[in-house]
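Asker: Following the hints, position chain R against chain S.
Line by line, the protein sequences are chains S and R.
For reference, each letter of the first sequence is one residue, going 86 to 391 in the working numbering.
For reference, each letter of the second sequence is one residue, going 86 to 391 in the working numbering.
Bear in mind the hints are in silico, worked out from the structure with no lab data behind them.
A couple of the hints might just be wrong.
Where chains are identical, the list cannot tell them apart; a pair therefore holds if satisfied intra-copy or between any two copies.
[Stated by the list, open to error] Calculated lysine-lysine pairs in the DSS-like style (CA-CA distance at most 25 Å, straight line):
{"#": "1", "residue 1": "K116", "residue 2": "K205"}
{"#": "2", "residue 1": "K205", "residue 2": "K189"}
{"#": "3", "residue 1": "K385", "residue 2": "K103"}
{"#": "4", "residue 1": "K246", "residue 2": "K261"}
{"#": "5", "residue 1": "K237", "residue 2": "K345"}
Number of protein chains: 2
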Amino acid sequence: MKFSVHVLGSGSALPTVKRGPSAQVVNLHGKPMLVDCGEGTQLRLRQNKIKMQQITHLFISHLHGDHFFGLVGLISTLHLLGRTKPMYVYAPEGLEKVIREQFKLSSTYLQFELNFVVLKKNQMDLLIDEENYHVYSFPVEHSIPTWGFLFKEKPLRVKLKKSFIESHRPDVGWIKRIIDGEDYVNEAGERFLNTDITHPPREAVSYAYCSDTRYAESIIEYIKGATLLYHEASFANDLRSQAKARFHSTAGQAAMIAQKAAVKQLMIGHFSARYKKDITCLLLEAQTVFENTIAAEDGKCVVLAD
Amino acid sequence: MKFSVHVLGSGSALPTVKRGPSAQVVNLHGKPMLVDCGEGTQLRLRQNKIKMQQITHLFISHLHGDHFFGLVGLISTLHLLGRTKPMYVYAPEGLEKVIREQFKLSSTYLQFELNFVVLKKNQMDLLIDEENYHVYSFPVEHSIPTWGFLFKEKPLRVKLKKSFIESHRPDVGWIKRIIDGEDYVNEAGERFLNTDITHPPREAVSYAYCSDTRYAESIIEYIKGATLLYHEASFANDLRSQAKARFHSTAGQAAMIAQKAAVKQLMIGHFSARYKKDITCLLLEAQTVFENTIAAEDGKCVVLAD
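The shape of chain S in the complex, shown without the other chains:
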């Protein structure tokens, strides 16, 4: 039941040698999901030894190039490597056409299903409902239609204590009932309290991804209480008006959102190339408002649950 976030690109529209454009892998219970796919993402997947053929779900937040220019190359490589497994791309309207046109240009006929799912405007939307988790999209506020994504575990179940299993040897039917919360009653009619015969589950964790967006309290309801929030912090507070004009956030604003949404941890990223030498000022600015803030780095992996 592992849940981790692997940053592949922490830069913004102008990639630098140190920071690539946006891309992250969310490892959700053994399923790697790609969030955004800036130019060079396939190379960074290789560099970070992430098995790209295992990716089946891909999320594109919006259609600025630093979030999708790497998609066509990644798909092309998966195809050349002999992929047959379907791929699902959750993306704004319009992306499918331009991706398919590029394959048409090169007379490339994909040997796997490439399914595009168009993101819905103006509402929180359940994209994936799996046994152990949900994935949602929700609107953020940028210069063109843009979405955030929420990856959220469903409440985890209790685990039977080894000592109980060894002494009572419950059958499969009973195991299921105990996991679902029932007490155990043996053939002699003795009752064993569920809390006595099980280990409580760890808390369900969640990850919210918000890039790109200006400071928008409208997103708080979607990300409330998240274990980890990734929020863009393109600028420092002294460039607040520039941030607003360009529909981006400052590090201080990202921290205010984290605080108001009562998330557990904040990771800032999508740093403007002007901070290419050092982003310490952005990190400190955020930490002043919301102490548990970390800064995204290309290659950084944050484990939410092991």
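Answerer: Okay, now just chain R, sitting in the frame of chain S:
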């Protein structure tokens, strides 16, 4: 009058960590020209400290993704960096539409002229005629329409000897006539032979780029006598039939073309990812046929004239 070739990507359709997809910068008399633009080219331009805003001419050999997927990102970056200088892209038909559509998706309005020139099929074509050089395109043989490019200096002119200038102080008119090959006659009617008062020019050099193509003797006429020939060598001779089926060449075939075209030096590249650990077998195979062969490496710079 510098002329050099800077390899940015020496890999083929499947980029590896060591070899990026096709891209080269031809430095022609102070003008950097980009030939092919696979994904990640803008990053490699940065890594190789090539000033990307100085590029005004760009050549795309064909529309397989490993030769053009980096173009949209590069243009986007030039735009974001405030470019106003026009750009000329010589490319197959169809590329312009798909590039412009991607900018439309992101509501990006370029602030510089982006001019596409469609390459002509079935003939050698003069693309650029500058004071000191020509650039031509010519057809090669691949699975989709594909072009090679020839960068060719015009014959260089003599240089006046310093001693002659100091002793005779010829005026601008005379200097021009001497450079054009005339003897000098002073006011007293004395004649000075052009060969005595000038240094002979260095030989004009030329660079031919052929990627991707199967073994095709039809290209020999276009590249005859080139100072440096870049020829793809995707496979080794033992995979000759695979090379032919995929419209690619072996290293041995590249060397045969070099030999038959009597070029001075051959650089092989576009190596299949199957040789990612070592391309020595390809280099040796080519050198057996054409000794003066070198292998392309990402970051390698070959100087044709200083």
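Asker: Each of the hints needs a verdict: does it hold here or not?
Answerer: Quick rundown of the hints versus the structure:
Proximity of K116 to K205 under the C-alpha cut-off of 25 Å is restricted to the intra-copy arrangement: shortest distance 24 Å within a copy versus 47 Å between copies. In this assembly of identical chains, K205 and K189 lie within 25 Å of each other by CA distance solely across copies; the values are 20 Å between and 27 Å within a copy. In this assembly of identical chains, K385 and K103 lie within 25 Å of each other by CA distance both inside one copy and across copies; the values are 13 Å within and 22 Å between. In this assembly of identical chains, the alpha carbons of K246 and K261 lie at most 25 Å apart only when taken from the same copy (14 Å versus 98 Å across copies).
Taking CA atoms no more than 25 Å apart as the test, K237 paired with K345 passes inside one copy only; the shortest distance there is 19 Å, against 64 Å between copies.
Violated hints: none; the structure is consistent with every hint.
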